[in-house]
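**Student:** Fit chain B to the known structure of chain A by using the hints.
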Amino acid sequence: MKKMKTNDHELARFESLLETYLQPVTPRADFVRELHRRLLDVSRPSVKIPGENHIRYGLIAAASLAGSLLVVATGIRALLTVLGALGIIHFVKQQVGEKSISPPRLSI
Amino acid sequence: MTGSPHRYLVTNVSDPSDRNAVELASKGNQEAFGTLYERYVDRIYNYIYYRTGNQYDAEDLTARVFFRAMRHIGNYNDRGLPISAWLYRIAHNLVANWHRDNSRRKEVPLDEILLVRPDGEHPEAALLQTEEQDRLLGIIRELPEDRQQLLILKFVQHLSNAEIGLIMERTEGAIKSLYHRTLISLREEFENLKESDN
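Line order of the protein sequences matches chains A and B. Be aware that the first sequence starts at 335, since it is given in the working numbering, and climbs by one per residue. Be aware that the second sequence starts at 304, since it is given in the working numbering, and climbs by one per residue.
For reference, chain B alone in the conformation it holds in the complex:
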């Protein structure tokens, strides 16, 4: 997975470009904040998109994350954590509030899910794939928040266990263990759902 072309890099705090940008941004430098924004907007959007399941809320919450970050960057205290971890935490809190405010979970509209499908694929196969994907995403959204976060960071953002550990404030071992348990329970649920549908 680490060799994936989509892999996002978690720049750690020792990265001079990130550190410099944070320092300048905290003193009110707009360009520096703009650099951080450009560097992280895609991954924050992705994270929120998969947690909310729709484009509109993902855009709204992404905007809120960066406005909040801009307001508080002067108080950002780097305790050896990457700036991305701070941004993910803001996103995580906002998504948690969003879920609390929305009493009922929203279903993921199928047309909004990015389907990566080779051209010329048979329509029936495509339909089956869509159903399978919908089912899987449905189960993922029923998982506890930390497990959802872990899966998104691992599969969508392609981060390593160590990088996920930094963001979720857990040890690499704890992430590895949580991932294994999540994978097993998710697979079981998925198989059970498939069997009950058949």
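So here's chain A without its partners, still in its complex pose:
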């Protein structure tokens, strides 16, 4: 019984030693403030515009249409250019052919 009491007393002394050495610490004020700011930055919700997706899809569709029209117009123009060039070549060839078969002019 005496031994038990001694142990309890020693444990109580050891507890007070732990209380002395295990004291709360204070985090740096800068750290606490900065972390608070970072948390708010991350959690800040992005602004959502109602119907934002519709506008986005509309713009993409319009851009696609404009692009397609441009491609078609460029194609037609290229085709016309080629046809024009062929026409010119054909005309020149015809002219050259006519000159070569025409009879020599008689001199009076």
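Rather than coming from a laboratory, the hints here were simulated on the basis of the structure. Heads up, the beta-carbon is just placed ideally off N, CA and C, and yes, glycines get one too.
In silico contact screen, one side only, chain A against chain B (beta carbon under 8 Å); selected entries:
id, residue
1, Glu344
2, Leu345
3, Glu349
4, Leu352
5, Glu353
6, Tyr355
7, Leu356
8, Pro358
9, Pro361
10, Val366
11, Leu369
12, His370
13, Leu374
14, Val376
Computed spacing ranges between beta-carbons, pair by pair:
id, chain 1, residue 1, chain 2, residue 2, range
15, B, Arg392, A, Thr360, 20 to 30 Å
16, A, His370, B, Ala399, 17 to 27 Å
17, A, Thr354, B, Gln358, 18 to 28 Å
18, A, Asp364, B, Ser320, 25 to 35 Å
19, A, Val376, B, Asn380, 18 to 28 Å
20, A, Val406, B, Lys330, 49 to 59 Å
21, A, Val376, B, Ser499, 43 to 53 Å
22, A, His388, B, Phe370, 30 to 40 Å
23, A, Thr360, B, Ala399, 16 to 26 Å
24, A, Ile410, B, His375, 52 to 62 Å
Going by beta-carbon spacing under 7 Å, a handful of chain B positions derived as facing chain A:
id, residue
25, Asn349
26, Tyr352
27, Phe369
28, Arg490
**Tutor:** Then chain B, alone, in the frame of chain A:
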């Protein structure tokens, strides 16, 4: 111990301010999360500081705890547990990972330990006290994780056995028993170390 001015209160889930803040924060209310942060940052930092032994890792891990809490607060399911228990659990897991990643234990730099010493104390006495404190903290860090957690929650955070039980998910009786066993083995180790040094 319960009358200590440093005592942190574990607000239980029925606390309307905590419950309200959690509910609002889970719906994305920044201010509510900010309130929870301000309420718990000191104790989470303290817990991590004593588990890691240095300020830099304590700051890094404290930040991770709150970022993780913010990401998952929408999934927080209060099962009668205080929000502090949830935060301590996140901290506990992160510290466990930290210890696993650090193959060797870091020694506690003496200048980083907060020493509460009356002004004008004799330098020799102060040095002896520092050595004693260093020795004691060294032994504590060699204890199993649950015992370290128990000692920090009891002595640094000044929580009652019931409050510690909530955090560690054990009964009050189990905490009381674990505390008694921890105290006895810690004291024995401390005395043995003192004798071997002498």
